[in-house]
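K.L.:
Please model the complete structure; the sequences and the hints are all you need to start from.
Chains A and B, in that order, are what the protein sequence lines are.
For the first sequence, position 103 (counting from the first letter as 1) is numbered 103 according to this note's numbering, and the numbering increases by one without interruption.
For the second sequence, position 206 (counting from the first letter as 1) is numbered 206 according to this note's numbering, and the numbering increases by one without interruption.
I should point out that these hints are in silico values taken from the structure, not numbers from a laboratory.
All C-beta atoms, glycine included, are put in the ideal place defined by N, C-alpha and C.
Here are the simulated SDA-like cross-link-like pairs (lysine to any residue), alpha carbons at most 20 Å apart as the crow flies:
1. A:LYS215 / B:ILE192
2. B:LYS40 / B:ILE110
3. B:LYS124 / B:ASP225
4. B:LYS48 / B:ILE34
5. B:LYS3 / B:SER39
6. B:LYS126 / A:ILE26
7. B:LYS3 / A:PHE109
8. A:LYS215 / B:ILE189
Cβ-Cβ distance ranges computed for the label pairs, FRET-style:
9. B:PHE37 / A:ARG214: 53 to 61 Å
10. B:ASP45 / A:ARG214: 39 to 47 Å
11. B:ASN224 / A:GLU216: 53 to 61 Å
12. B:ILE34 / A:MET66: 32 to 40 Å
13. A:ILE138 / B:CYS234: 52 to 60 Å
14. A:ALA213 / B:MET33: 49 to 57 Å
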Amino acid sequence: MPFLPLLSPKTMHIPDGFLSVIVSLIFWVMSIVVITIALRKTNRDLSERQVPLMGVLAAAIFAGQMLNFTVIGGTSGHLLGAALATILLGPWPAIIVITSVVSIQALVFQDGGLIVLGANIFNMAIIGVLVANSIYSITKIFIGSKKWGITVSGFLAAWGSIFIVSLSCAIQLAISGTSPANIVIPAMAGIHTLIGIGEGLITAGAIIFISAARKELLEVNLSSSGNSKGILVGGSLIAIVLAILSPFASIHPDGLEWVAEESGFLGFAKDSFYNIIPDYTFPGINDQAIATIVAGIIGIGIVFVVVLGLSQRKKQSAFDQPAQE
Amino acid sequence: MVKLVFVLVFIIFVNLTPGKAWETYLLYFLYLMIIIFTSKIRLSDIFKRTLISIPFILAAIPLLFTGQPPIERIPLFLGIEINISMEGLQKFLSIAINSILSIQAAVLLILTTLPPEIFFALEKIKIPNLFISIINLAYHYLFVIREEVMRMIRARTSRSSSIFNQKISGGSLWWRAKVTGGMAGSILIRSIERSDRVYTAMLSRGYNGKSVLSIHNSGIIKKNDYFIMIIGICLVLIIWVYSLLTIG
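P.N.:
The following block contains the structure:
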């Protein structure tokens, strides 16, 4: 399966080159607007002592992403932390914390590109947090009174946020013309249904632990003034729209492209891609050339397997180097 | 700051370059190589770090099979044939090359610049101060907390809760998830407690709720640096215009 190596949360970090510049810029603008609001809200609601709190928590979530456990042989559940941060801090501070995490990953560890950082922030920090917040708050109304209520809410919030984030990530890739919508959306959704379960289980486990150790931390969130009806509705809307839009888009991939083209989204970035001369017949290709290509593809496949193994180790060593400085 | 702006401009224009502009990619590559050689970094370091992001290229692989015609039937071994759209192949290669060039530029930035300097550069390009303070703090504590996590993982491994085989691992899937979740939860609680101590420590050193940036001398920009930045950006622009001209 070509998608097997994507079975890690790193899938969410889009590198540079995969989104067209226009799409990246649009998401930069949207992210900056939301982060500005979030900064203002946290600044007003909370005192200056929030700066070390959010800084240290961002570091904790970053480091916590190393935690994993085996689900079934070969696949493991990871923690991404958007839902956990939301549950502990409330939506606005969580947006800032996850934004910091994603920014450091891009700026210092090359996890995710710089130009697409806006889109990555939008996916993980904004959509992830808002969706988790809505699911958590709403399910808590219904089952919060039960003893296991918050644990289940936490699981659902974590799973839902991962799932919806993967959809928005897939849609961005599809709009940019990087991946065809009818393949990338089901693929991303399928993989992240599984990854979301891992995330959900860890989040649930963490909630059980926290409610045993420091129960009051779990109650801060909902009473905080930051959690207004507005964000609840906003988060739910994002979740519903993305959940409805994606199957539609994957059934009618041309529809998405049509929308993108009509709205002048892709303008000239795409023209160059799509204006390929239809009757061009590659005269240079004979058997030998084809053989080379196939060899290349097989080679790429082998390299991927090796890289996959290495990248785990590389990531560790990339982590180690600055530590020694 | 000069470096950050230059790298950003470089990546933007690499990404704006139309697909199939193979010569242009080569020019970008040469340009990067010249910078790399003058910066005295070992090539192997750059390439090692570039590998990190390569698995994502898989996301573009379906293009190979779903692009528009002309479609070539390519015989694989054992008589199996696959259809590969030539247009998809070109798009795929363009995306891969775009991505690799961008990543190399970013790696170059990281390898020649200390993270605090990058954060200082962010301040120069008017990112809100509060946000930079948080990032800066997070970066500093990252390694402390990472060690804590590593200790926990080591402890868990020695109690063998991470193995898949249930007989050896001693617990069900839910049990394993709960163990890991407990680790995550305790890291968060410890961090919240730690942040209290950090805050009191900061207060006692005169923190007033403003910036906690450690200001580096290198953050001061000389006129000369601006000049170099503009020349560098002009070179990128020239390569980009060249690509537009050759593709049409």
